[in-house]
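Student: Line by line, the protein sequences are chains A and B. Counting along the first sequence from 1, when you hit position 117 you're at 117 in full-length UniProt numbering, and nothing is skipped either side. Counting along the second sequence from 1, when you hit position 45 you're at 45 in full-length UniProt numbering, and nothing is skipped either side.
Hints are computed from structural coordinates only; laboratory data are not their basis. Model, not experiment: these values are computed from the prediction. Note that beta-carbon positions come from the ideal geometry of N, C-alpha and C, so glycine has one too. Please note: incorrect hints may appear among the correct ones.
[As the list claims (entries may be wrong)] DSS-like, lysine-lysine: derived pairs with alpha carbons at most 30 Å apart:
#, chain 1, residue 1, chain 2, residue 2
1, B, K250, B, K481
2, A, K257, A, K352
3, B, K32, A, K130
4, A, K188, A, K358
5, B, K238, A, K128
6, A, K130, B, K510
7, B, K86, A, K130
[As the list claims (entries may be wrong)] Among chain B residues calculated to face chain A with C-beta under 7 Å, some are:
#, residue
8, L109
9, V252
10, L278
11, A281
12, R317
Here is how the chains run, residue by residue.
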Amino acid sequence: MTDNTNDINEPGEERVPKRILGTPPSEGGYLVHGEQIDESREAPGIYVQDPDKARRTEKYIALSFLITFLAGIGFIVSYVVFQVGDLDSTAVSNATLGGTLALALLGLAVGITLWVRGIMPKYEITEKRKVLAPSPEQRSELNQIIIDGAQQSGLGRFKLVRRTLLLAAAPLGLLPIVLLRDLGPMPKTALRHTVWKKGLRLVVEGTGQPIRAADFNSPGGILSVVPHGYEHDMNALAKATLILIKLRPEEIQPPTKVENWTVNGIVAYSKICTHVGCPAALYEQTTHHILCPCHQSTFDATRGAEVVFGPAARPLPQLPIGVDNEGYLIALSDFEVPVGPSFWERGDAEKKVREGEKA
Amino acid sequence: MSQPTVKPELPKAADGPLKFIEERIPTGDFLKRNLRKVFPDHWSFLLGEIALYSFIILLLTGTFLTLWFKPSMEHVVYDGSYEPLKGVMMSAAYESSLHISFEVRGGLLMRQMHHWAALLFVASMMIHMLRVFFTGAYRKPRELNWLIGLGLLTLALFEGLTGYSLPDDLLSGAGLRITQGVIVSLPLVGTYIQFFLFGGEYPGEDIISRFFTIHILLIPGILLGLVTAHLILMWVQKHTQMPGKGRTEKNVVGAPFYPAFMAKGGAFFLFTFGVIALLGAFFQINPIWAFGPYTPADISAGSQPDWYMGFLEGSLRIMVPWEINIASDYTLPLSVLIPALVPLGLIFTGLGVYPFVERWITGDNREHHLCDRPRNAPVRTSIGMAGVTFYGLLWLLGANDEIAANFHISLNATTYFGRVMIFLGPVLAYIITYRICIGLQRRDADVIGHGVETGVIKRLPNGEFIEVHAPASEPMAEHIKGKKEIQRFPDTTADEGGVPAPGMRGLMGKMRVKLNHAYTADDVPLEEHHDGHGEQHGEVLAGEPQKGITRH
Ligand code: FES
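Can you make the complete structure from the sequences, with help from the hints?
Tutor: Set out below in structure tokens:
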């Protein structure tokens, strides 16, 4: 860039620029020897504004700052006047507080911008860059200092110091990790079980009503169900929530388990998606598809909730249900396989169940 | 600078404190040098500033929120002023978020501003990073600052994730659930990490208070330190500048810090603040009262994460259902692991190593202070666009249900489309961008070689019609001439009996030469007419870093 390096106006090199640049916009891009500006402070690359224009700009700046002043007062007034509490009053308070705050900030911002553009000079100052890399002499000097220091410390010669120091440091690094051990219990088999057990009643999520099998009789119906007594136990719900679907008995096909697992076409599947655990809450009556809204895994309710689409790799586990002597739906046992997202220790639980049945 | 004839006095109010400081803290020339430090001007240099200012606004609004927020998962029965939720069981965290929204004047405003500022923070960081990438501003000596920036972006994502979970509404809980599902899927350590992080089973009683500490202390603390380091490095190395008249690798042209840049920066901070206040005032975001308290049994339909997490959502959505069982005892949930880790890993590792890989390929050991125009580094620009396409596709697919609903396409079709395009899209983007870059380079060469078309048609004495070309205007020409050649290694095969330079031997060396040749293949030199390939300037000796700047 030989043609570029020479024609830069280094400060102090000359008082007046060699050229009028094309770069700064023409409205302010000429030199004016304003009365109030110390003439001798003009340096190359500093283009003082036209004083008349600057005077005019001052009015707009003052107006902007005035707006900020008024908006600031307005903010305080809104704070006192507009109370909060319900949706509507909060919305009014929010809009007035936010509006006045924005106005105050933007007024100030506009004012300062006008100030920079209309009153301060335009700048095309050139500053030299120093090469960042040190010279070879500097480098070797530094190297020498480091070598000297290392030698003086004796770390190289006194092997025992060095080795025991390393040894001493090793366990220290482990301490923070050891300290974190009590963050939580070991997983053990917690992920393999839920609170469902033989005889536990199914209740409707939200209302807590037990469900009479005879009342849940319109085909295509669906209910979100939780275990009785655990309606507010988050940890229990995160695994035990069910979706209960009423099908026509003839619609049910394998691998759905029927005998001792369903009651008059009522099937219970885990609601916790086997992908990463969102509640699979959507149900399409016509296709009998259960859809998880998170990543759209789709399960076929008539076929043991097998995956028909999406990233989930396993069917939603089925829960064996029955009725108690009052006619209410109950669980007949826990799930046979772990519910929810897969984890390393899970293994092919389904296969093990099948093998167990054969044996 | 010449001495003033009349020396204006510093007013007492300023002189006193300045003297006080100078006599106690030996600033030496520090203030003198730095107050007049020159900052170059270009609109794209404002992106980093927006990120910085959003961060400050986040600290301010966030501090306000902590005055009322209760990071606790204790069950309470709501008895606040929002009627529809009266009597509902919820966590203390959610209750206090409702309290901030409905009973603290300005609380909702601060909550909404905090959320908007967070979105703007991540967005401006990413666009800033793209600017730095596409103009090659990460090159020597700025690689460290690039890495710091990458660290900042990573932390910002975690900061967003932890903050999003705090209000404990139904929507934030869905995000937390997905996070848990991903963590638990990690091989070997997944269940342990999950149990330690959540203090037991999901959701447990601890996660909100733990996320709270991470969100308001740990990550902001590190962010603050890294931001400071980022700014100090920028200050010491001086900002890069766009090529143009009078701008070289050895100078920086612009306005002085005091007073111009200071005032501009202040104004820009206020603009950012003002716009965020406007957003907070008039554009509702995250109306937690409408979602209700979190329960793992339910989900609000159409739930979407904050935009910066959308790409992970998209990659989870288009994944095929793969899961491997190892001897029926252990499970590798690839349908979670691959989409959660691979895109993230690709993008962040790619960004991290790119400056070093590029330096290795180009053998370019020079200091760079002039930005590249993207067209002049076609390979880099095309890689960048491929990356942007990859990210953008995943991001779009994170909302494929909305897209399917709005454009009446089948949802499954969008997924199949995504599965193909995620591989095809980046390749197409690379090829197209590359062609465009070379085309633009040719046009530049034309402008310098022939001048610009004027639209004036002239008839020559021999009857031929030609269009008159005028030389390019000076600023334009200077801007174009900022182009720097990329060094091309000598051909190893055509080496006349010489031994290849040290960096060119062996398998790695050969690969390096190959990559270098691919990198420089289509460069269009400026003074030539547009038919030339870049072969002519392969004379620079490989391994020999060019000193300073040269131009053919
Ligand atoms: S959690 Fe259900 S599809 Fe991902």
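Student: Evaluate each hint against the coordinates.
Tutor: Cross-check of the supplied hints:
1. Between B/K250 and B/K481 the CA atoms are separated by roughly 16 Å; this keeps the pair inside 30 Å, and the hint holds.
2. For the given pair, A/K257 sits about 16 Å from A/K352 by alpha-carbon distance, which is consistent with the 30 Å threshold.
3. Distance restraint check for B/K32 and A/K130: the Cα-Cα separation of roughly 17 Å lies within the 30 Å cut-off, and the hinted pair is therefore satisfied.
4. Between A/K188 and A/K358 the alpha-carbon distance is near 27 Å, which keeps this suggested pair within the 30 Å criterion.
5. Pair hint B/K238 plus A/K128 holds up; C-alpha atoms about 10 Å apart against a cutoff of 30 Å.
6. Our distance criterion of 30 Å between C-alpha atoms is broken by A/K130 and B/K510, whose separation comes to about 36 Å.
7. Taking the CA atoms of B/K86 and A/K130, the gap is about 67 Å. The hint is violated against a cut of 30 Å.
8. Because the beta carbon of B/L109 sits about 5 Å from the nearest beta carbon in chain A, less than 7 Å, this interface hint is met.
9. Taken as an interface hint, B/V252 checks out: its beta carbon lies about 5 Å from the nearest beta carbon of chain A, inside 7 Å.
10. A least Cβ separation of about 4 Å between B/L278 and chain A falls short of the 7 Å threshold, and the interface hint therefore holds.
11. A distance limit of 7 Å between C-beta atoms decides the matter here; for B/A281 the minimum to chain A is near 2 Å, and the interface restraint holds.
12. Annotation: B/R317 was flagged as interfacial toward chain A, and the flag holds, the nearest CB pair being 4 Å apart, inside 7 Å.
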